[in-house]
Structures are given as structure tokens and as C-alpha cells.
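Number of protein chains: 2
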Amino acid sequence: MIQVSQDSIKKTDGNVASPKGYLAKGVHCGLRYSKKDLGIIISSRPAVSAAVYTQSHFQAAPIKVTQESLKKSAHLQAVIVNSANANACTGEQGLKDAYEMRRQSADMLGIEPELVAVSSTGVIGEYLNMESITKGISLLAETEPAEGDFEEAILTTDTVIKQTCYELTIGGQRVTIGGAAKGSGMIHPNMATMLGFVTTDACIEESALQRALREITDVSFNQITVDGDTSTNDMVLVMANGCAGNERLHEEHEDWPVFKKGLQLACTDLAKQIARDGEGATKLIEVEVNGAKSNLEAQIIAKKIVGSNLVKTAVYGTDANWGRIIVAIGDSMAAVTPEKVEIYLGGQCLFKNNEPQPFSEELAKTYLENSEVKIEVRLQEGDGKGTAWGCDLTYEYVKINASYRT
Amino acid sequence: MIQVSQDSIKKTDGNVASPKGYLAKGVHCGLRYSKKDLGIIISSRPAVSAAVYTQSHFQAAPIKVTQESLKKSAHLQAVIVNSANANACTGEQGLKDAYEMRRQSADMLGIEPELVAVSSTGVIGEYLNMESITKGISLLAETEPAEGDFEEAILTTDTVIKQTCYELTIGGQRVTIGGAAKGSGMIHPNMATMLGFVTTDACIEESALQRALREITDVSFNQITVDGDTSTNDMVLVMANGCAGNERLHEEHEDWPVFKKGLQLACTDLAKQIARDGEGATKLIEVEVNGAKSNLEAQIIAKKIVGSNLVKTAVYGTDANWGRIIVAIGDSMAAVTPEKVEIYLGGQCLFKNNEPQPFSEELAKTYLENSEVKIEVRLQEGDGKGTAWGCDLTYEYVKINASYRT
Numbered sequence: 015m016i017q018v019s020q021d022s023i024k025k026t027d028g029n030v031a032s033p034k035g036y037l038a039k040g041v042h043c044g045l046r047y048s049k050k051d052l053g054i055i056i057s058s059r060p061a062v063s064a065a066v067y068t069q070s071h072f073q074a075a076p077i078k079v080t081q082e083s084l085k086k087s088a089h090l091q092a093v094i095v096n097s098a099n100a101n102a103c104t105g106e107q108g109l110k111d112a113y114e115m116r117r118q119s120a121d122m123l124g125i126e127p128e129l130v131a132v133s134s135t136g137v138i139g140e141y142l143n144m145e146s147i148t149k150g151i152s153l154l155a156e157t158e159p160a161e162g163d164f165e166e167a168i169l170t171t172d173t174v175i176k177q178t179c180y181e182l183t184i185g186g187q188r189v190t191i192g193g194a195a196k197g198s199g200m201i202h203p204n205m206a207t208m209l210g211f212v213t214t215d216a217c218i219e220e221s222a223l224q225r226a227l228r229e230i231t232d233v234s235f236n237q238i239t240v241d242g243d244t245s246t247n248d249m250v251l252v253m254a255n256g257c258a259g260n261e262r263l264h265e266e267h268e269d270w271p272v273f274k275k276g277l278q279l280a281c282t283d284l285a286k287q288i289a290r291d292g293e294g295a296t297k298l299i300e301v302e303v304n305g306a307k308s309n310l311e312a313q314i315i316a317k318k319i320v321g322s323n324l325v326k327t328a329v330y331g332t333d334a335n336w337g338r339i340i341v342a343i344g345d346s347m348a349a350v351t352p353e354k355v356e357i358y359l360g361g362q363c364l365f366k367n368n369e370p371q372p373f374s375e376e377l378a379k380t381y382l383e384n385s386e387v388k389i390e391v392r393l394q395e396g397d398g399k400g401t402a403w404g405c406d407l408t409y410e411y412v413k414i415n416a417s418y419r420t
Numbered sequence: 015m016i017q018v019s020q021d022s023i024k025k026t027d028g029n030v031a032s033p034k035g036y037l038a039k040g041v042h043c044g045l046r047y048s049k050k051d052l053g054i055i056i057s058s059r060p061a062v063s064a065a066v067y068t069q070s071h072f073q074a075a076p077i078k079v080t081q082e083s084l085k086k087s088a089h090l091q092a093v094i095v096n097s098a099n100a101n102a103c104t105g106e107q108g109l110k111d112a113y114e115m116r117r118q119s120a121d122m123l124g125i126e127p128e129l130v131a132v133s134s135t136g137v138i139g140e141y142l143n144m145e146s147i148t149k150g151i152s153l154l155a156e157t158e159p160a161e162g163d164f165e166e167a168i169l170t171t172d173t174v175i176k177q178t179c180y181e182l183t184i185g186g187q188r189v190t191i192g193g194a195a196k197g198s199g200m201i202h203p204n205m206a207t208m209l210g211f212v213t214t215d216a217c218i219e220e221s222a223l224q225r226a227l228r229e230i231t232d233v234s235f236n237q238i239t240v241d242g243d244t245s246t247n248d249m250v251l252v253m254a255n256g257c258a259g260n261e262r263l264h265e266e267h268e269d270w271p272v273f274k275k276g277l278q279l280a281c282t283d284l285a286k287q288i289a290r291d292g293e294g295a296t297k298l299i300e301v302e303v304n305g306a307k308s309n310l311e312a313q314i315i316a317k318k319i320v321g322s323n324l325v326k327t328a329v330y331g332t333d334a335n336w337g338r339i340i341v342a343i344g345d346s347m348a349a350v351t352p353e354k355v356e357i358y359l360g361g362q363c364l365f366k367n368n369e370p371q372p373f374s375e376e377l378a379k380t381y382l383e384n385s386e387v388k389i390e391v392r393l394q395e396g397d398g399k400g401t402a403w404g405c406d407l408t409y410e411y412v413k414i415n416a417s418y419r420t
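Protein chains in written order, with the numbering used here: chain A, 15 to 420; chain B, 15 to 420.
Just so you know, the hints here were simulated from the structure itself, not pulled from any lab data. Fair warning: this is a prediction, and the values are worked out from it, not measured in the lab. Be aware that one or more of the hints could be misleading.
Claimed, not checked - Only pairs whose alpha carbons sit at most 25 angstroms apart, straight line, appear in this in silico DSS-like list of lysine-lysine:
#, chain 1, residue 1, chain 2, residue 2
1, B, Lys366, A, Lys110
2, B, Lys366, A, Lys78
3, A, Lys388, B, Lys413
4, A, Lys110, A, Lys78
5, A, Lys354, B, Lys78
6, B, Lys110, A, Lys354
7, A, Lys366, A, Lys307
8, B, Lys388, A, Lys413
9, B, Lys413, A, Lys379
10, B, Lys307, B, Lys399
11, B, Lys354, A, Lys110
12, A, Lys25, A, Lys388
13, B, Lys85, B, Lys110
14, A, Lys413, B, Lys413
15, B, Lys78, A, Lys366
16, A, Lys286, A, Lys388
17, A, Lys366, B, Lys110
18, B, Lys379, A, Lys413
19, B, Lys413, B, Lys49
20, A, Lys286, A, Lys24
21, B, Lys354, A, Lys78
Stated by the list, open to error - Label pairs and their computed distance ranges (CB to CB):
#, chain 1, residue 1, chain 2, residue 2, range
22, B, Gln394, A, Leu310, 28 to 38 angstroms
23, A, Thr296, B, Arg59, 54 to 64 angstroms
24, A, Lys110, B, Glu229, 42 to 52 angstroms
Where a beta carbon is used, it is the ideal one built from N, C-alpha and C, also for glycine.
In isolation and in its complexed conformation, chain A is listed as follows (with noise of 0.2 angstroms):
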């Protein structure tokens, strides 16, 4: 965790294009059936800019392109986003499609193509109806800004827009970072994918934002699950265009840490609200490790417990049935030591000194019963602490996941 005074960052209502000299649209072209499906985020200028990309070895057209492009020069003035279809699995075919949306998005903006980052969400395995996207990208270049609109056209099933916003203060001038992100199941019925899109103000180091996406990414959406699963199309995507007129940030710049903390925010944020609204959902689980001998060993720990079909359904199910979470941590290749490990549910302890606790099931059951459920690990092994947070099983989730594709 990155310490800093909080009052020099303020989260505010704002969004994706809250920070200076961003503008993000959205329209419908014909690849839903009536909801928005194609969006855009702007930039008035080259933005410094950096990804994080699914470790997938199936990596979707969309990905790849993005990649190549942040190679060329780390800007990037706009990303052009589209619903309904991942673009992923798709050959040659798809790779000369998802080219083919950079060029047409460039064209529109009279930009290099090179400064365009594209991204796919939907169904894998079949071709982009591309009618629809240049109908489309002619659409956005008609269609004014208007507040929700490109959040809503990155959705698949999830049930509602993620948007974010902190106001930092950095040397003195006023920085903001706002973000959008999509991700309901890590896969879906064939929907795929969690995309996070995170702008700011900030004038930045290239390096020093590659590196801290980098390392935040690893603490806030790598450490949420819904099912466990990896898209094909997964992406974290951050642009800096300078417009806050601050001085330039560094890693040695006395504020780097207001502005890491501030990024971290805005991530985990957006990270929360994906695991709140995934597939089937009724509740938000926070996994809580303390003293593991590493932070990794500890986000491990945290993201098992938290992926556990059986933790799960017993929040659903109101249970406090501490011997899942048992059965979770004793999987684990950390070092846990059955006599030392703790375990704490909404202020009781259930599990101390290898041996059940007494504890007033009633207070556990109506604990579990909020939308929101914290579970505390501690393992006394170190200093090691990892979060992570997912959402409980539901028999929405096999509905939504059993369903015929339509």
C-alpha cells in the first residue's frame, strides 16, 4: 500500500473524460441489436501512454494491433472500443479487420493509425461484421459527447456502466484521473473479456507510467475473479496527455506518490465494481490476508479464498462455514502454519490455535447478509498483505452460464 496524505487526493463524480482535454463518445451501429456497441475515447492531444494485456496464448486480434501500436512510440490520441464481438480466435481475417477499424478510426480523426489503440469485446471465434463498424466510426465522428454513452457501449452482460474519478494535487496544480471499465464474468455465455480504461492529465515519464500500471494492475483487476477465467481480449489501458500543465512526473518527483496512490485508486475502484456486478452476483467479497511471508504469497491466498466455488455459495447462503476457507488456504503453496493461522468474519474469530472458535452464528449469518463481506485471514508468518474480491455463486450465474447462445 502507497502512503500518502489523503487530503491531497479527492474522489469526485466524474468519469473517464473528466481530465483535461478528453472527450469519450458512444453509439449503436448494428452489431447489438438496438444498445450502444461502438465507442471512442479522445484525447486533444498525444497522450503518453501504457497497456497491460491477457496472458492468454489465444491473445485476440485487438490486442495484438494495440500492442504494435503502443511499440512504435508509447502515445496514443484515442481507442476505439467495440461490444458484441471479441474480434478473438478469428485468423488472418480478424487481424486484417481489427487493422482495418485502427485505419478507418485514424482516418476519421486525421491522425496516424499508430496513435490508435483498439479493443474487442463479445463473442469469440467469429468475424467482425465490419458494415457496421465503419457505419459506425462515421456515427462517432457525427455523434456529440454525451455522459454514459461510451461506458454503456463497452458493456456486455454486465448489468451496470463502471465509471471512476480522483482529483489529485501535484505541485501545486490540480491533476485528475478518471476511468471506464467493462467485466461481468471473466468470460461470458461467449462474452468476453475485462477491459479497464484509465485517463489523466498528468504529464508523465513514459517508463514510470508503464511501470506503475504495471505493478497496480497486479494489486487491483489481477486480484479480482468471478470464475477464474482469462479472456482472450483482456486489457488495462492508460493515457497521460499533460493538459494539467503540471510539472513532469518521474519516479524521483517529491509527488510520484500522490500520483501512484491516485492511480491505484482509480484501479481498484473500477476493480470493485467488477467483481460487485459479476455474473449472477448478489454481493461483494473482500478477502483480507495479513502476515503471509511475501505481499504475493498473501494476494495468492486472498485471490484462492475469494475463487473458491464453495466460499462462494456459503456467502450465498449466508453460512459462515470457516472450513472452506480451511480447505482454500491449505491448498496453497505459501507457507501457512495450521497452528498459527486466524481467521475473522465481521469482527468474530472463527478459526485460532488450530481449533474451532465459539462464535454467535446469528451475528455471522446476519453479517453475511450485507452486500458487502469482508473476510480476515492472518497467517503470522510475516509481513506479507494482499486483497483481493470476487462475489458469491449464485443460481443466476449457472442460468446466465447454461443458457443457449442466441
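Chain A is fixed; fit chain B onto it per the hints.
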């Protein structure tokens, strides 16, 4: 896979008590409301024995006691098993109770305590009711063996008993391998555990038996998954009492491959019965991966696919959703080249050359309506083969696991 002539191996209707010199009993002692809850397998003489145990950090008390028994001499003459209570996470008292259970069983049989293995399955974190156990052991002494009683006594939420039997010809002698197992979730509402008990009248060298069991467990019991969790009480035990009168088997014996193949068939048969009876399951899913860099990589990918909630729900919904199989493969650390991967279902090719293949959705749907479904993946990276077994994920699974403990 071990290659031997099928003439020398025959499946029969037998069970764990079929090999010469064994008997098995089961009684109701009061740990459960009315069902049988305590069972014992007895050999007429000490049997060379081997076991593999859960890798959980929180190994239950009976696991520790059994390990100690086998460390003394690698011989067992009996195994006592209770259901309803796992005697796990029960500290010093739990260990004392497991030793007492071993001592009472040994006294009843008039043998050394170190010739008895102890096994428990059921609720985690509650102390054993030793009054019931003591009563049950007396009852076992008086009770006559009857088919199915032992198998029933070791069940928790399983819906059917699991048993197997194979007859082999070894050095001209008939050798029998029998087995019983339980397991429905890897762990339950609180009911834990996968247990496997294999008996044989073969005469066999200790170290050869231990090595064969470990190797075979890795491709049978360890390749099934119902919900991805590992219990605190998992154990597979094999006893070989030599009553068949065969020439002592060792790894250089010409009929060693026959015995090993028989043991593998028995373990695989039991493992598949467990997967098929997974909590809430309607179907057995088999995933076969060919052409991996190594057998281990093939096994890992097969288990990852069969353990994916998204694949499991798709099979339940009879949806030939190969994108989800791609996602599960893509996530693995194994060597995978998207362009070389092929996916087959019910004789149809769904994916090849990194592109979707035309196939009949109707035929695929019909195929997925079978009670046994096989998914085949070809990687074309090497000669590695691996198979894994699991089941579909249904509303009933959520119901079983979200219902409050009673």
C-alpha cells in the same frame, strides 16, 4: 498409458472384499441420524500397504495417525473409516481421538495398533463423538459382513456407492484387485473428502507398490475435479495381502505391467465414478489432451478445461461453446501455439488453424445431451497425453452448497 494384453485383465462385479482374505463391514453408530456411518476393511493377515495423502497444510488427525502406522512397517491389517465428521482442524483433542479410534479397533481385532489405518470424512472443525465411535467398534465386532455395507458407511452427500473389481492373471495365478471410494464434492457443505480404498490378494514388494500407487494416483484420482478444492482428509490406500499365492511381484517381474495396468484400471474406474456423482451433476465430462510437450502439461490442461465453471455450465446447457475451451487452454503455462490447436467434440472439429470451423450445432447439441461427454484437444507440440474427468455445474450444485448447515 500402460500397454498390456486385455486378455490378462477382466472386469468383474466384485468389490473391495472380493480379493482373497478380505472382508468389509459397515454399521450405524450414531454419528449420522440413521444411515450407516462406520466401516472397516479387515485382511486375514498383515498386508503390504501404501497410501497417498492430501497435500493440504491442514491435514486432518486421522491422516497423521495413518501416516504414523505406515511409517512403522508399511503393513496394515485393517482400516477403520467414519463418515459425518472429518476430525479436521480439531487440534490436540482430535489427534487423541484418532489414536483412540485406532487403539479400540486394534483391540477388537487383537492386533497391534500400528496395523490399523484411520480415515474420517464429514464436517470440519467439530470434535468426534467418541461414545458413538466406541459403540460402533463393538457393533462392528458382532456384525457379519454384507455386500455394500462398508461402501455405504463411508458416504457423505454421495448419491451412490462406488466400487470396482478386476481379475488379472499373474504368473499363471489369478490375482484380484478390488476397490471402494467416496467423494461428491472435493469437499462439501461441510462434508469433506475423496477417499479411495484398494485391496488386492497379490503378493508384492513394498516399494514397488508405493511407487505404482503414487504414479497411478496422478493420472486417476488426481485428474478428477468437482469444484477445484482439496480436502483436509483426502487419502487413497492400497493393501496387498499376498493371499493369491503368486510369485512376489516387483518392477522387473515380467507380469508387473499386468498388475500395474490392473491397478490403474481400478483407480480410474473409481475416479470416474466419483466425478460422475459430483454434487448436483447430471453428466460425466472427460477431457483428453493429446500432443502436448509432456504428459504433465497434457494433464494440467485437461484438468484446467474440465474444472472451468464456464465449460461446466456450457455442457449443462448443451452448448458447444468452444470459445470457453480456448479460454481454459489459453490460461495455462504449457506450450501452446494457437495455430496448431484443434478441438473436437462428438466427432466434429470445432476449431483449427486458429479459426472457427463450420460444424453442425444441432449434432453438437444432441451429442451434449448424452450422460457422458468427451472433449478432445490436440496441441501438436509433442507426444504428451493426459485425461481428466469432471462433471457439469448445475443449479443443484449451488443449492447443495448454499444451503445452511444442519
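Going back to the hint list, which numbers does this structure go against? none
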